[in-house]
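Hey, can you work out the whole structure from these sequences and the hints?
Now for the letters of each chain:
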Amino acid sequence: MTKCSGNDKMENKKERIDLLFEENANEQLAKVDWGKLNGAISARLDEAQPSKTSGRRYATVFKIGAGVAAAAAVVFIAVMVRMEKPMDLQFKDGQRAVVKFVETKGSASVEIISRSGRSQVLVDIGYARTGIAKADVEIIDRNGERKENGSQAAWIIIRMPEPALADNGANEYLKDLIRLF
Amino acid sequence: MNESRKANNSDIERLVEASQAGGRGAFDELVRLYQRRAMRVAVRMLGDANDAAEAVQNAFVKAYLGIDKLKEPGRFEVWLLRIVTNAAISQRRAAKHRAERIKVADCYEDKKAVSLVDKAVGEELKETIKAAMGKLSKKEAKAISLFGLEGLSQREAAEIMGCSAAAVGWYVFEGRQKLKRLLKEYL
Chain A
1 MTKCSGNDKM
11 ENKKERIDLL
21 FEENANEQLA
31 KVDWGKLNGA
41 ISARLDEAQP
51 SKTSGRRYAT
61 VFKIGAGVAA
71 AAAVVFIAVM
81 VRMEKPMDLQ
91 FKDGQRAVVK
101 FVETKGSASV
111 EIISRSGRSQ
121 VLVDIGYART
131 GIAKADVEII
141 DRNGERKENG
151 SQAAWIIIRM
161 PEPALADNGA
171 NEYLKDLIRL
181 F
Chain B
1001 MNESRKANNS
1011 DIERLVEASQ
1021 AGGRGAFDEL
1031 VRLYQRRAMR
1041 VAVRMLGDAN
1051 DAAEAVQNAF
1061 VKAYLGIDKL
1071 KEPGRFEVWL
1081 LRIVTNAAIS
1091 QRRAAKHRAE
1101 RIKVADCYED
1111 KKAVSLVDKA
1121 VGEELKETIK
1131 AAMGKLSKKE
1141 AKAISLFGLE
1151 GLSQREAAEI
1161 MGCSAAAVGW
1171 YVFEGRQKLK
1181 RLLKEYL
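So the sequence lines, in the order shown, correspond to chains A and B.
Residue 72 in the numbering used here sits at position 72 of the first sequence, and the numbers go up by one each step.
Take any residue in the second sequence, count from 1 to its spot, add 1000: that is its number in the numbering used here.
None of these hints come from the bench; they were simulated from the model.
One thing to keep in mind: the hints can contain errors.
Unchecked claim - For the chain B half of the interface with chain A, some residues (derived, Cβ under 7 Å), not all of them:
no., residue
1, N1009
2, R1044
3, A1049
4, Y1064
5, G1066
Glycine included, every Cβ here is placed at the ideal spot set by N, Cα and C.
Structure follows, in structure tokens:
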């Protein structure tokens, strides 16, 4: 077997067996109705569409950084990786956790941005980290009048098995727990 | 020339990023650009266009649902082909358990111009190749299917397969040896 570099184009090293396969593949592909295949794929994507956006019907553009901020030193947010359960969170149906954010003065903020009906929360993980955690969220209480101890509260749900840590240099399997007071 | 080869890398990256932002139209464009390439790989692995079409549909659905996990939009093709080869393996497994061939949305069109004799020979070759590919290991089947794909380097094939470039070469060698024995009357 000839040794070759990683960037070698492999088509120059074909044998008769490869040509046989090529011939069969060309024959098969010549019979494909590409328009119908494209339509079939599109139909399958249409079926898959609800599972891509389910449970996010509450999400719209909703920046709560101005209304909800938290002290970095006491900011905890559960970032769940795989099936690990972070502490101090309530789970319903084994599928989601409810995390409460209460406005206080401080350097951390929570921003929820909707992307075509899908919301995400981008959170500064806090003093110990410099990266960003991403999580899919479902907002279950957007009542702007709600106050607790003089602070405005909003509830979000972080959905499992997402979110995942993004570019924060931490071990991917660590969970970061940041709680807001 | 394959549609995907005409589009440049920055176009692909933009489409991927738009898809990640929720743009279904952008993903549809990626499907249009890559469906032929995906089908070619799947047909080479499975030997049959109907099975390949099913695998390719499954692959694009998986890609659509998981596109947010793609951290480097520029690596879309490699990422997609990995999904396609895995979907083809699943399809191969499923096909082995089925008595009849799957017909998928009439996307397999018979050319009436083909003579009866040619059709018989072509069908026989197809079935023989399909059976022979089914006897290869997963790695051998993937390597054989990716090997020689236009514009795909051995390094990229290795990335798709999750092994070293040298290992790709080995799997191709082993796969070819098996296929030569199984298909000797056609060589």
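Structure-based check of all given hints:
no., hint, verdict
1, N1009, "violated (16 Å)"
2, R1044, "holds (5 Å)"
3, A1049, "holds (4 Å)"
4, Y1064, "holds (5 Å)"
5, G1066, "violated (10 Å)"
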